[in-house]
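Chemist: Sequence:
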Amino acid sequence: MNRATSTTSAAAAAEKVDSKEVNSLETILQCRQAALDRWETLKKQAASRRALLEDSYRLQVFKKDERDMISWINEKMEFAIDESYKDPTNLQAQLRKQQAFDAELAAKQTEYANLRQMGKELVAANHYSADELQESLRHLEETWRHLHDKSNERGRKLEETLRLSQALEKFVNDFRDLMSWIRETSEQISSAELAKDVPGAEALVQRHQEMRSEIETRKGGISGALAFGENLVDTDHYAKDEISTNIRTLDDERTKLDELWKARRHEFLQCLELQKFERDASAAEKWTAARELFLSGCEDDLGDSLDTVEALQKKHDDFEKSLAAQEEKITSLTEFARRLVSDDHYASEHVQSVCDGVLERRRALVERSALRRVMLDQSYQKQCFDRDVDEVEAWIAEKMQIAADDSYRDPTNIQGKIQMQQAFESEVTANRSQVDRVAATAMELNESDHYAADHITQRLESLSENWDTLVASTKTKSERLTEALKGQQLKRAVDDVVAWIETVESQLETDEQGKDLPTVTALLKRHQLLEMNVTSYNERVEALLEEGNLLIEQDHFNKDEIEKHCHALLQRYEALSQPVAARHDVLQSSLVLQQYLRDAAGVEAWIHERIPIASSTDYGSHLTGVQSLQKKHQVFTTELTGHEQRVGAVGVTARTLCDDGHTASSQITERWEGLQRSWTSLKELSQMRAEKLDQSLQSQQYYADANEAESWVEDNRVQVASGGMGKDEDSTQNLIRRLGSTDSSVQQFEKDTLGQLREECNLMQTKSHFDAHNVSTRQEQLQAKLDDLKNLIKTRDRDLNFQLELHRFYREADTVEDWIGEQLSIANNEDLGRDVEHCQRVRDKFETFAQTLPNGKERVTSCVDAGNKLLDAESRDDIPLGDAVNPHPVVEATNEIRARQQQLADAWNELQTIVEERSAQLEGALQIHAFNRDIEEVLGRVTEKEGLLMTDDVGRDASSAEALMRRHETFERDLVALENRVEDITKNADLLSQVYEENAEGIAEQQATVIEAWEQLTASCSARKQRLNDSLELHRFLSDTRDLVSWMRDMHSLVGTNEPIRDVASAEAALKLHFDHKAEIEARSSKVTAVANFGKLLIERGHPANSQISEKLILLETEKVDLMKFWENRKVVLQWTLDLQQFDRDASLVDAWMTSRETFLSSDDVDENLAKVDDWLEKHENFEKALAAQEEKVKTLDEHAKKLLAGQGGWVN
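Counting the sequence shown from 1 gives a position; my numbering is that position plus 120.
Since the hints were made in silico from the structure, they are not lab data.
All of these numbers come straight from a predicted model, not from anything done at the bench.
Among these hints, one or two may not hold up.
Calculated lysine to aspartate or glutamate pairs in the DMTMM-like style (CA-CA distance at most 20 Å, straight line) [claimed, not checked]:
1) 1145 to 1092
2) 1240 to 1196
3) 290 to 1301
Let the sequences and hints guide you as you build the complete structure.
Modeler: Shown next, in the form of structure tokens:
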């Protein structure tokens, strides 16, 4: 509604008032004119009546005086002619009477003259009784002269007697009239009934007050009568006792009249207060009844939505404000009642009962209002609770779609899914406070005895169930993702082991068995490493199987596949044992074969070396030679016997191999048969040579055994000293075996030959042979050479063993270096993975590879320790240093051993370094891949969140805007986890930039991209929140404006309601109600101001809807101004109406008073009795006093009418 419409409405309302009040104005004018005309006529009648009464009064006075004078003269004439004064008993009395008569006669002289003068004046004035007056004057003059003549003696006494008689008569007449008036007045005061309403009570009080004016008017007459009577009593009137009694009676009646008036006035005032109390109590009862009806009509309506509840709360706020506004009236009414009761009002019990009833209904109304407020508040809490539950359940339903999916079954990017699930769990955890807040709210509502406790409990249980379902689903999905990750890791580990098994199987598929003992030994060593590797994998396989069984026991969702893979792994791993064992057996068999071949070759070589000796035809040319040859042959035979065990061992080995079904059985058999043939041939040749030497010994028995023995020793010494060290392990072992044979021969030679010589020497010593000393010396020399040979053999054996260990050291070093080379080729792999999963697999595979290195370290350590043992041999004192040209082998190998040790240590350190570098590279690559994946994941989530913000929906009203704002707050809480992820990525990027400086630039670019995307998201989020806040503030402003405009329009209609006004009380009630509306308007004024200030604040802040807000502010201000203007106009009309009703009331009272007095003035009775005329004059004087008292009221009424006419402005001229 705009200003023009409001002004039109005000004008229309004014026209309605005008149309109702025009007739009243005409009536006022007519009443006023009639009253004024009647008043002038009354005044003229009064003047005419007064002139007539004055003429009649003067005539009656004259007649009365004339009659009195004649009567008095006659009386005095009797007295004058009475001679009773002559009575001696009454002389004094008569004297006094005469004196009094004389005095009275003298006094009557003037009265007589005045009477005579009055009669003449009346005659001269052409009085309507002039003739009668002349006759009376003549008669009077004659009578007076006659009395004057007769009353010379008794004049004074008779005059005194006449005076006293007249005074007594006057007093008695006045006493009688006054007593009659007092009785009439008392009867009027006592007979007045109490009024039943305020106007009646006010009229009763006013009439009673007018009666007081009449009483006050009469007070002068009463006081004069009392003073006159007291004067008579004071002059010792003969009837003073009667006069005193009458004085007391009159004074008592006057006092009783005053007391009666005061008592009735008090009663009338109490009646007026009672009626006012009844009126206020009735108004309060009506107001309370209306509010009770309002509460009864809406008691069961608690709203079915948040908007309706808020609307009901606003209505109840208005109701409570009106209730609070009425509180002052109730308090005033209570104070009024308390004052009436404390003032001992005649209707105290009734007043107290009515007041208690009003207060009880007020208390019940307040309690119902408070209960209604509690119920509305609880309804609002319930609707808010339902809204929050709906929002949380909607959020839970949305998240349940994510929590309930089975994306964990797809192994692609499972790590990323886990991170997304962790972010999802963070979101769920972050929103736990929402559920807790709703639960706390539900608990508070239930603890507060909420009327919808069952509903709240059901919703809470449903929400808790849904939340528990979400948490359980989230936990289940996390467990499933963890299981998927474990399953994937298990599968990768199984695949890695399977790949290793395939590698092992490929290695086991080779048919290489070695061509000689070193290669077979190397292959066996390598196979032993493979066996160790297979054995070491046993724990890993068992761990994988245990992990798989654990996953199966934990009811892994893919337990069938896991069981299948684990079973396949176990089968393939267990299947390795047979080919590994078979390969070991093959290699072991090959080793035995090569050892057999080596031993057979050694035996064959030894046989071939001995065949020339056994087949020699040199049988000696002299005894010494024969003996020497025979002894040599004996040694040869001994050596042959010693080798027979070795040949037998070779035979046993051959038979064992053949019996065991060796693959090379034919070769073994063939080699053994050839060896047997060679051995048999050697034995036969030896036997033939022995026989021939025995034949030679017979002839050369006496050759010197010593020279032969010495020769044998020297031969063996040369053989031992010039044997070389062997170029490889086999040759060195052959040399060791030869040296062992030589050592055995030397031991046998020392036992047999040298023992026999020692016995022969001892025998010669015993027999004191002449050459015993030489023999003994020769024996000692021989023993010394033999000891030197033994020492040489020992040294040779040590050197050969050293050389063997050296060869073995070199072989082991070569093997370890080859192994290290193989590990280096693996460690030098530059594959860092394509993504996190691939890099993880590469790292896991490399970690598995790295876990096998400790076994290699043991080999390296063992090899180095072997070298150290060899080096320790250098420090032995029994090793000769040799010379620069031919250094000792130990000394010569020292540098090479140390070089090989250093080379081996360098290779191992290089491997260790490369492994560490490779581990660091893989770890860095994993971190980089994880960082890149996190970047992609966060950017994806940021993009997803950004997409959720790309909406223009800001709500159609306040409730939808609030719902969107709460959803946005939930969205912001969800961003907390994402913000933590961004912060973690930022910190991780800083750390990675410091650790991997070569990738710092790319990391910084990705970091900047994430930060930019996050800042864009937060900016969009803030912008979205600002838009929602602007929308919410706008809708709240529009809602408040709409409510206030609606209220002002309703108030406009309420203020303009035209209730029928029939009297002053209804006019006062209407005006009072009008001011109650003003109080309500003023109570709402602060709200209007607050809404206007809020709108201005929105405009100052540059709200997007500034134009709409400005329009609403203009509308709000227009409605406010129109309402206040309309209220002021209505107040003027109601005030004028009240004045009009007061004028009508006062005019009615004045009219009633004049009507009652017109009856008095309409009487033409002038009465010929002087006393009656005097009474009429006295009454007329009282009437004139009352008329004068009413004059002010008439003037006030006239002024009131003029003000009413002036107050209408253009309505009435």
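Chemist: Does each hint fit the structure? Answer for all of them.
Modeler: So, going through the hints one by one against the coordinates:
no. : hint         : verdict
1   : 1145 to 1092 : 10 Å, holds
2   : 1240 to 1196 : 17 Å, holds
3   : 290 to 1301  : 18 Å, holds
The structure is consistent with each of the numbered hints, conforming to all of them.
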